[in-house]
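J.: If you want the building blocks of each chain, they are given just below.
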Amino acid sequence: MSAPKMSSWMMARVGARLLLLQARWDPARMQGLGLAFALDPWLAVCWSGEPEGLLSARRRHLGYFNTHPIAAWLVAGIVCRQEALAAALPSAAREAAIGRIHALKAGLGASLAGSYDSFFWGALRPASALAGILAAQAAYFLGSTRAPFWAAAAALLAYNAPAVAARLYGLSRGAVRGELAAAELAGLPVQSWILGLRRATVCAAALAFVLAAGPLGGGERLTAALTCAAGALLSWRGVSPLAQIGFVGLGGMAASAAGLRP
Amino acid sequence: MTAIAGLLALAVLELDAVLVAQTLASRPLVVGILLGALQGRALAGAMFGAVFELLGLCDLPVGGRLPWSAPVAAGTATVLAVGGTSFPLCFAGGVAAGALHSRAEAFERKRRSASGDALAERAAAGGRALGLALGASVIAHAAMTFALAGSVAVLTAFLDRRCWMDAPELLRAGAALAASSAPWIGLSGVAVWGLRRA
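So the protein lines, in turn, are chains V and L.
Heads up: the first sequence at position 1 corresponds to -2 in my numbering, and the numbers run straight through without jumps.
Offset between the second sequence (1-based) and my numbering: plus 1365.
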């Protein structure tokens, strides 16, 4: 029996359901129930002639699963391919294939989560936020009345252009190439992208400060610079921004009590 | 009426943060701008959105970590600002809503865990059990966000109208200084965060 091929319609169905991957996130199963929901239409196709096989396929995806939400698309594609292959095997040869599915889910989920977290959460997310803020500042200086909308559009576009591409590519490539799709990722210079984005974020933050503080009066500019310098020092020491704001509030109260006008 | 529309929009947009899609349509900058525009004050929304975006940028939602909700903070602060609440209280209300929201979400997650086994048993049999449970979870979360942000907004607006002008000067001065320093602290925090990792 040959393994079924995933149609575009089926891929769209699985992809749409993957948008609900974390809809019932819980500490015990994490994304497990969401992944089971996403895979269900494909499992029904793969195991259509075997109700027992379908039942056990559903059961094996209802347990623990966790990875980055975008990496989940690649893992789902690979799992779809492996399920199709397992269903096409004679019953006696299935045990190893099913064991491989469990191992792939656990191994790939954990290993991809590290690099996807670093890239999407730890580099692209801050870079795209600064892109949005700089777009608003640029639009404001150019006299646009729609500066806020440029900010929202720039922030969303800068994040989602790579994110949507990674989701679609991951699902389709995983469904066609299986494990090889994950191996192909290893050749990408992701670490240098991460480093480049983080450096760009630092430069963008400095530029945003110049653009925001530049038009202020002398005293206000000095206050902004001093606040930034103190904030940088405290952040370097590991004090969270919200704690710093609390300290500033207490400082302001003390200054007011001492008769100074903060 | 516009405040209710704003809170409803916040409840829907916030779903994107964890439960649905993660397109970052829930990022504070976008939430602030959209809610502000919906209520005719896009610039105020952009300001609070940018501030909370910078403050929340270094808290990564990795694994099961549940940082304070910057989107809820930005949305609540924007709704308050549109309603005419004073700037420091908008900021404080936003921070309170963001912190409370993460507590409520942690509670929600524990509750989901408790019913996970029973749901998995029903889902294994096929049918619509899992889809319905996912839908119910999304609706419950949106309702929680709406109720929580709304409660904090109402309480903060009440404080602003009834007590804030009579509050001790030192309290008002401290709150004003804290709120006005937030953008600079956020900006320096992001720069340092990037420097340490670059």
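Honestly, the hints are just simulated from the structure, not real lab data.
Careful, some of the hints might be misleading.
[As the list claims (entries may be wrong)] Straight-line alpha carbon distances no greater than 20 Å define the calculated SDA-like cross-link-like pairs of lysine to any residue that follow: (1) V:LYS2 - V:GLY60; (2) L:LYS1475 - V:PRO38; (3) L:LYS1475 - V:PRO24; (4) L:LYS1475 - V:ALA25; (5) V:LYS2 - V:TYR166; (6) L:LYS1475 - V:TYR61; (7) L:LYS1475 - V:ASN63.
These figures come from a predicted structure and were not determined experimentally.
J.: Has the given pair, L:LYS1475 with V:PRO24, been kept, meaning a C-alpha gap of at most 20 Å?
T.: Given pair L:LYS1475, V:PRO24 holds - Cα atoms ~7 Å apart, limit 20 Å.
J.: Is the hinted pair V:LYS2 and V:GLY60 satisfied, with a Cα-Cα distance of at most 20 Å?
T.: With a Cα-Cα distance of about 26 Å, the restraint between V:LYS2 and V:GLY60 is violated, given a limit of 20 Å.
J.: Quickly compare the C-alpha distance for L:LYS1475 and V:PRO38 to 20 Å and report which way the hint goes.
T.: Violated, because 28 Å separates the two Cα atoms, which is more than 20 Å.
J.: Tell me if the straight-line CA distance from V:LYS2 to V:TYR166 falls inside 20 Å.
T.: holds (17 Å)
J.: Check the hint pairing L:LYS1475 with V:ALA25 against an upper bound of 20 Å on the C-alpha distance.
T.: Between L:LYS1475 and V:ALA25 the Cα gap is close to 9 Å, so the pair holds against 20 Å.
J.: Regarding the pair L:LYS1475 and V:TYR61, is the alpha-carbon distance no greater than 20 Å?
T.: Holds, because 15 Å separates the two Cα atoms, which is no more than 20 Å.
J.: Verify the proposed pairing of L:LYS1475 with V:ASN63, using a straight-line Cα cut of 20 Å.
T.: holds (17 Å)
The structure is inconsistent with the numbered hints 1, 2, although it conforms to all the rest.
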